[in-house]
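Student: Protein chains in written order, with numbering that gives the first Met the number 0: chain A, 0 to 208; chain B, 0 to 208.
Rather than coming from a laboratory, the hints here were simulated on the basis of the structure.
The structure displayed is predicted, hence computed values, not measured ones.
Any given hint could turn out to be false.
What the hints assert, rightly or not - A few chain B positions that, by computed beta-carbon distances, are all more than 10 Å from chain A:
| # | residue |
| --- | --- |
| 1 | A49 |
| 2 | G73 |
| 3 | A101 |
| 4 | G112 |
| 5 | L201 |
Claimed, not checked - Which bits of chain B does chain A cover? Going by a derived footprint, with three or more residues having C-beta under 8 Å, they are:
| # | region |
| --- | --- |
| 6 | 32–44 |
| 7 | 174–180 |
Think of the CB as a built atom: it goes at the ideal place given N, C-alpha and C, for glycine as much as any other residue.
Number of protein chains: 2
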Amino acid sequence: MSAEALDAMITETVILPAGHGLALRLALGERVTVVCDNGKQVVDTWAFAAEDGSHAMSMEHSRVENSRLCAKEGGQYVTDRREPILAVDRDASPGIHDTIMAACDAQRYVNLGCTHPHRSCADNLHEAVAAIGFAIARVPQPLNLFMNIPIEADQRLVQGMPQGAPGDHVTLRALRDVVVAFSCCPQDITPINGGGPADVTLRIERRPG
Amino acid sequence: MSAEALDAMITETVILPAGHGLALRLALGERVTVVCDNGKQVVDTWAFAAEDGSHAMSMEHSRVENSRLCAKEGGQYVTDRREPILAVDRDASPGIHDTIMAACDAQRYVNLGCTHPHRSCADNLHEAVAAIGFAIARVPQPLNLFMNIPIEADQRLVQGMPQGAPGDHVTLRALRDVVVAFSCCPQDITPINGGGPADVTLRIERRPG
């Protein structure tokens with residue numbers, strides 16, 4: 000996109016409250032920047048073709064097409080039909096994002112010993128897309144922005160703490176008309192959110208009108 | 000399962016031809032052993048709840064529940080509802096199996112430069128379940144038995160060669176009534192099958208009657 004086209008964008012800033020989710024529509028070329036305000040908050044991120052909620056951004060297909068666990072700045076993610084869906088225009092973070100751990104869900108917290116209902120990323124996704132009247136077929140593997148899961152030589156996966164700094168951010172650009180959804184991960188039992196969930200900021204760049 | 004119960008099983012041996020797929024039903028406690036006859040052949044493996052083809056074995060949920068990339072001997076895989084579905088009763092191989100690379104599909108081969116139709120694991124799954132009249136909702140991330148995808152420190156994924164020996168095998172036991180499906184991966188462009196697909200053997204242990 001040219002600098003002129005980006006200049007013409009209108010930027011809206013939204014606070015995504017700790018532990019909650021949000022879905023929004025982006026037209027081709029529009030962007031969203033996810034700001035990790037405290038440097039320790041994981042944001043589960045999904046994208047779907049705007050015209051078909053069963054056509055989703057796919058981490059497993061992106062890993063093959065990119066030959067990488069997660070895309071770098073300048074790279075992109077593809078769908079389960081191997082079609083480009085989101086570009087990484089900017090990654091102002093250590094570039095440590097997870098693509099292999101399923102979204103937390105109600106059962107995850109039961110398995111962790113919770114005896115009361117607990118918010119989850121899977122429920123946040125369902126609530127967020129329902130709020131904009133968008134139907135999805137399932138909860139795909141998310142792009143877990145800022146999530147740090149070290150992989151040991153013996154295949155063990157560690158629930159690490161985010162390695163970034165306050166204000167780290169990632170800018171994603173729509174490579175087609177999409178619905179994107181975010182969950183400010185409510186996990187407060189493992190250390191993946193640095194001990195407890197915190198608000199994050201979304202900066203949305205849209206064309207006027 | 001007791002030794003007596005296993006003694007009572009009837010073993011059927013099936014050759015899975017290079018590049019082709021097969022689906023079969025296993026009742027709770029029944030087992031299948033996948034034999035990598037030449038030591039270099041990847042076998043994409045899926046499992047579904049017998050009563051609901053939308054309830055599938057999930058690598059992403061298994062990674063979380065196991066805190067490992069793939070289960071070890073004595074471990075198990077869970078579904079996308081975090082319910083146990085397959086146990087690993089025996090792993091007579093180096094234990095290097097992939098859980099992060101999507102099944103190859105027609106588009107994968109187009110992207111690799113193929114100008115003619117190419118068999119794929121995704122098509123093999125669809126054909127295999129159709130052949131037994133079983134409906135599935137999608138192609139889940141497979142358990143890619145014997146597949147060697149080294150993960151570099153910079154997040155790069157390498158298309159490695161299998162590290163095993165002829166006759167390596169893995170025995171999977173059904174933890175509920177299931178449909179399991181296998182694809183003898185037809186990939187012959189990257190080195191993941193040691194240069195070209197080869198037949199593998201399935202040993203199926205069922206209760207009499």
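Student: Confirm or reject each hint.
Tutor: Comparing the hints with the structure gives:
1. Taking the minimum C-beta to C-beta distance to chain A, about 19 Å, the non-interface status of A49(B) holds against the 10 Å cut.
2. The claim that G73(B) lies off the interface holds: its Cβ sits roughly 14 Å from the closest Cβ of chain A, which is beyond the 10 Å cut-off.
3. A beta-carbon of chain A is positioned within 10 Å of the beta-carbon of A101(B); the least distance is around 4 Å.
4. Listed as a non-interface residue, G112(B) keeps its Cβ farther than 10 Å from every Cβ of chain A; the least gap is roughly 14 Å.
5. Every CB of chain A is more than 10 Å from the CB of L201(B) (nearest about 25 Å), matching its label as outside the interface.
6. With 0 residues carrying a beta carbon less than 8 Å from a beta carbon of chain A, the region 32–44 of chain B misses the three-residue requirement, and the given coverage is violated.
7. Interface restraint, the region 174–180 of chain B with chain A: violated (0 residues with C-beta to C-beta distance below 8 Å; minimum three).
Violated hints for the displayed structure, listed by number in ascending order: 3, 6, 7.
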